[in-house]
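Enquirer: Both chains are given apart, each in its own frame, so use the hints to dock them into the complex.
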Amino acid sequence: MTSSPFEVLGVPALFALDEAELEKRHRDLSKTLHPDRYAGRPSSERREALNRAISVNEAFRRLRDPILRAEALLSELGREVSETNQPKPEPALLMQVMEQREALSLARRGGDRGRIESIAAQASGRAEDAAERMADAFSEDPIPVELVLKLLGELRYLRRLKEEAGAALDEL
Amino acid sequence: MTMLLDIFDPKAAPRAIGIDLGTTNSIVAYVRDGAPTALTTCDGAPLLPSVVHYGSNGAVLVGRAAKAQLTRDPGRTIASVKRFMGRDAKDPETARLGAHKFAIPKNDAEAKSVRFDVGRAVTPVEVSAEILKSLRQSAVDQLRSVGGAVITVPAYFDDAQRQATKDAGRLAGLEVLRLLNEPTAAALAYGLDQKQNGLFAVYDLGGGTFDITILRLEDGVFQVKSSGGDSALGGDDMDRAIAEGLLEQMGATGQSAPEVVALALSAARELKHALTNAPEASIELPAKGDTTIQAKLTRAQLDALIAPLLERTGKACRRALRDAGIDAAALDGVILVGGSTRVPRVQAYVAELFGKPPRCELDPELVVAYGAALQADLLTQGDGEVLLLDVLPLSLGVETMGGGVDKILPRNTTIPTGARATFTTYADNQTGFELHVVQGERELATDCRSLARFSLRGIPPLPAGMARLEVELNVDENNLLKVSARETTTGISQEIAVQPSYGLTDDDVERMLIEALDHGEEDLQRRRLVEAKVEGERLVLATAKGLAADADLLNAAERSAVEAALASLKGAVASAKSASLVQAAIDTLDQVTHDWAGRRMNRAVAAAISGKSLSAIEQSVEHAAGVDAHVARHRGEAP
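Just so you know, the protein sequences line up as chains B and P, in that order. The opening residue of the first sequence carries number 1 in my numbering; numbering runs sequentially from there. The opening residue of the second sequence carries number 1001 in my numbering; numbering runs sequentially from there.
If we strip away everything but chain P, and leave its shape as in the complex, we get (with noise of 0.2 Å):
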């Protein structure tokens, strides 16, 4: 295996590309000439089923070829998997009806994670680092050199499930330029389409997840102003739905063997497909004898068995709308994603919902990807017209001393966030403090999703009350959360980096991309080379570029180590045999720029307060005024 190596062709320019990680397909696509392009991927169509085989033979079958195990060998393939991403091993989702088998759980290490069984134990994160191996050979081999990826995940998915995500992106050899949730890089399509301003809602009910968005464009800013959805319902709900139905009518009762349950559920989604097109479908299925039955479902039939997945739906569209303060009628478009939509009654459902017939123009199933790549590309090219502002879609706090939740960031702030909450401690002489981080809207803190548990140790022994421990949690633009705690009294303070609960180190992700490579340290070593080349380049461009904007910013002796500092990278670049090497040059740059880096950023922040909007300032003093005048007019007062 040295398909991590052929990234990087030193001839070609490095491209971004945008992923779509589906539970039910995956989509890979980037720019070109301005447009978003989908690559064809090794199934020889833009759609990759996302499901994995692990072969007895340890041969790893990807798309369509691990699709046809499904029925057939379904102990060792995996579809779906994206719904088991950082679930850990008691989670609810293990227990329904599906084919796929679970390893029990050794230690309490194993059972952080869902481990399914296909001759040995793999995790999510492994199974979905497949599919993206997968999509990044197939960009490999059309663009020749892939530079760095945006990968998509429901705007519904919190830390845990995100930090799997990246951790997949990691493990598949990819540098992930950003985490971006699906509606609002739908939104990005459409609204660069259609060049639009205004207030839209994305619906997105994909295979295995619903998302609801509410974001405003205007100048170029995409502005989520609330988001909602359920991260464990979509079209497998329907299938599944329907496959129960089926199990009865082959007279498969209780616990059925995984072939069946495979079978049937197949079955299902070919009856729903059909269902897209005609009123009414039929298929053989064996049942009970040796006989066969020949199952039909109506679309009336079908509309009823979804009935209260849709319901599920709407219920959150109510609270984003509300969260968003606005009404229904308000909103200038809807907008309809993923494969789910396509069901009939789903488009009728969303019109009735909002009261507006749904707009479809872009395919439900790329524009995801779409909007994935020209993130990707704003990201490496972007000339800053244009920006995602998102939100965090799920509360963060600490739990209480009773169990409860002190919610620090409420759902719906937009991110990159940031706040502290102080606690202190409540018995006379305690030296440690346990804290717990959790996310999600319910009241007690064991019905919240846990994020990371830690304790502070060493505070100095004091009256109750007295010691304060400051906890400052921050969340960045991919919806990742960091922690950090600080006793603050004493003036001993104490900074603590928190390992969640879930996911990978780096040094676990290192050992697992060594496991996987025939000659894994040496390749390793040598990614890691061209890799910080790569870093090493951009950094020279983005200084020299810099420079010539802002040089006036720096005094004789800063510009000429920072000149210094420049040519030794360039250098560096041109010709060091180690990532070290390169990456000591980087650091040096990045010191002698620093503080040049904050003058800089206070320049263009000045500008963008200043310039043409301060006469907005001023108008918005003069307004203030006037709305003083009239409630002073309304008191029977001259104003």
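This is chain B alone, in the form it adopts within the complex (with noise of 0.2 Å):
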């Protein structure tokens, strides 16, 4: 799991990567790796496949994340980020972040299905759009870190504000 997981999967390293190509990759190496493949063999090969598995996957689960992707490019630069060290957010984000929070718990004690699910909605068109940014911040050279930090951080509460309308879905 230390090794990067654009090795493991030997695709560039790119933020702008093509999703159905990642699939693909990913399909093609589990052909090969996945213990299924090794049933009937020595212990041991089972052993080593399953942990190759394991990484293949794993590697697979951050690149198709945006939020992980980024921060595996950054371990690449050398800035090891995490939610728990990250720059604080500017306040127009955190304002606007508050805003969708309040409109979320209004919709959740009404029991507005429509209102909830236009709320992720949302949050789902702006991640993308940050997303965009991210990519286009990525090719450029050197590569802004302010900026794709800034966006990093914008990802997250947009991901956190999705969870939560999810989990309001469940509940009614």
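Don't read these hints as lab results, they were simulated from the structure. Ideal placement from N, C-alpha and C gives every residue a C-beta, glycine not left out. Certain hints may be false.
Calculated pairs, EDC-like style, for lysine to aspartate or glutamate (alpha carbon to alpha carbon, straight line, at most 16 Å) [said to hold, decoys possible]:
| no. | chain 1 | residue 1 | chain 2 | residue 2 |
| --- | --- | --- | --- | --- |
| 1 | P | Lys1315 | B | Glu171 |
| 2 | B | Lys31 | P | Asp1219 |
| 3 | P | Lys1570 | P | Glu1531 |
Pair ranges (Cβ atoms, derived) [said to hold, decoys possible]:
| no. | chain 1 | residue 1 | chain 2 | residue 2 | range |
| --- | --- | --- | --- | --- | --- |
| 4 | P | Ile1514 | B | Asn85 | 30 to 38 Å |
| 5 | B | Gly114 | P | Ala1606 | 32 to 40 Å |
| 6 | P | Thr1505 | B | Gly125 | 46 to 54 Å |
Expert: Okay, structure coming up:
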């Protein structure tokens, strides 16, 4: 899990990865390494295959997710970031998020499925937009690390908002 | 009882089987000439009722004969045992309407599992093992030699329920090749039958469990995107809802005798089945004061009774779609699985929910067993072109200081998977650390399923936060968990294999097997020898194949070591009189092939990455550049 997920999957270290290609690579490697392919083989070989399949799946999970993918790219640049050591968000973003949260809790109390779904859809749309700006930032040379961190923070807030909307829908 | 031995007819090639261990019925199937085929059970039909009767004379009945005892001798007859798998004595499931009697646990060890009182105390694992033994015997009778079994479980089964199922298989003397999720099995049967790529939902409503799985089929890979469900929701709950009304009509109030409850439940099932093809149905039932009543049920009444149950399935479906990040409209098809999907209202509900008529070309009661048989065949004869990629159904986490949960592996992660998390001590000079691994989506650890609880001792005394504890969770292809923990700061690393809070150890299984056999110890030794030889033969073949393909990855010395180990394993398989001799030869071969195996895997990975897919990478780079250019144009800059 310490090795680069890009290396594990043999894809270029880019933010703008083609999802269909990524999935295809994951399928191809799974066909090679999944424990089912090693049924009836010596136990050490099975263990080895299991460990490799785990790291392939782990790399796939990280690269498929824009937040974890950005973290992996920053890590390649020698910047280890996670939720706990990330810079403070900008006040404007905080305001927006607070407003959205309020709207969500209102809709939650009122049992308004349509409203909750629209908040979730908005959050998805804005996350896609932020991911596009992220791709853009990562394609610059040198990479504007501060901008990337800011966008990362935005993605995290939007993710949490979406999760809260999901939880609200589960409650209905 | 010599049934454990006759699996191994030395003259017949062992055949792998697939078993659908269902709440209501169980099925065993195998692949004949490429097509999955259900075997006939002891009842003379493919479906074996999952009912076990423990007679007062010690005789055990399984199937239709046991089902006949449901209303006559309900206290000694266990139906729907699947709903109790992996559940402890305090589980709410034990308090629901039913005719079972439970044994009061005398100590903590006994309280870890529900135990039925059938004159003696039996666990759900033992009851399930009786069903599996019967199926295995049927397979042995018809195939002469059974090689190993794929057993299906609901996708939404947690680790404890899966472990219990695997234990039942081992207790029945089966080599459990794999636990396979039921919806994935059904998708495999459909996918290989229809040869169609796309995005599918599998709606699986069985006797006691509900699963929804969203998966994509492409290039022969069945990739599960998300799954969800309820491991205590199914046809049984429809029966209960009907039976409650029947009990009222019969004038039974308060706690009814098990015989009365069993009668009402069986009448409820009959009415439900009759309503599949008729708008209304009725049945004669005894009532208060030696009278009888004609209980009637219409389809509209049934629809109203099951509406809340269907709403629960709908909720799980909407969440699964959300987790997969798709709309129902994106689905290429919806597949119906499970006997309860025969209820007309269920089919209509699914059609409304997904906005398209569901498919049920394959028998919804057999399709899971078909899929299990296909997977058993793939595991033993497959060419690697078809693969099932399943997911973790429920998040795995570790309890935090405040009783919350630190989620380490989120639900719907592709398995096999693993993750590490680091914890630090919270008090000065703390020398012990309690770890509690839980599974579930709730925020508080007490609301999740407790999987393992253990403590790490002997941490050197250090200031708070200085000692670091690394916990590793690994989930294998069967969705079974392994936990290990290590103290890392001081360089003193402690590996702990965690004994889960439930489940049987290898020793437990062995002891129970010996107890169940007339010449226990002796029979077990003989069986071991045969098993070791089968395993040895398999390795001889696999190694010979490896030499044919990848001998160039061995230097001369390594090659002669491999060949020598191979020759001695062949010798052991041919003439060894004890399992340990064969095992020793297997271990030696394992050792001398270890590095070579790693190199072979590297070669396979390189082939998967390069070759035809190299151009694909270049394309994806180009595509990425295309996006950049597009964004640049958007901002009014020259690309």
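Enquirer: Each of the hints needs a verdict: does it hold here or not?
Expert: So, going through the hints one by one against the coordinates:
Between P:Lys1315 and B:Glu171, the direct Cα distance comes to roughly 9 Å. Compliance with the 16 Å bound is thereby established for this hinted pair. With a C-alpha separation of about 10 Å, the suggested pairing of B:Lys31 with P:Asp1219 holds against the 16 Å cut-off. Proximity of P:Lys1570 to P:Glu1531 is assessed by CA-CA distance (about 15 Å); at most 16 Å being required, the pair is judged to hold. About 56 Å separates the C-beta atoms of P:Ile1514 and B:Asn85, a value inconsistent with the hinted range of 30 to 38 Å.
Hint check: B:Gly114 to P:Ala1606, Cβ distance near 51 Å, so the stated range 32 to 40 Å is violated. For P:Thr1505 paired with B:Gly125, a C-beta distance near 52 Å keeps the hint of 46 to 54 Å intact.
Going through the hint list in order, the structure does not satisfy hints 4, 5.
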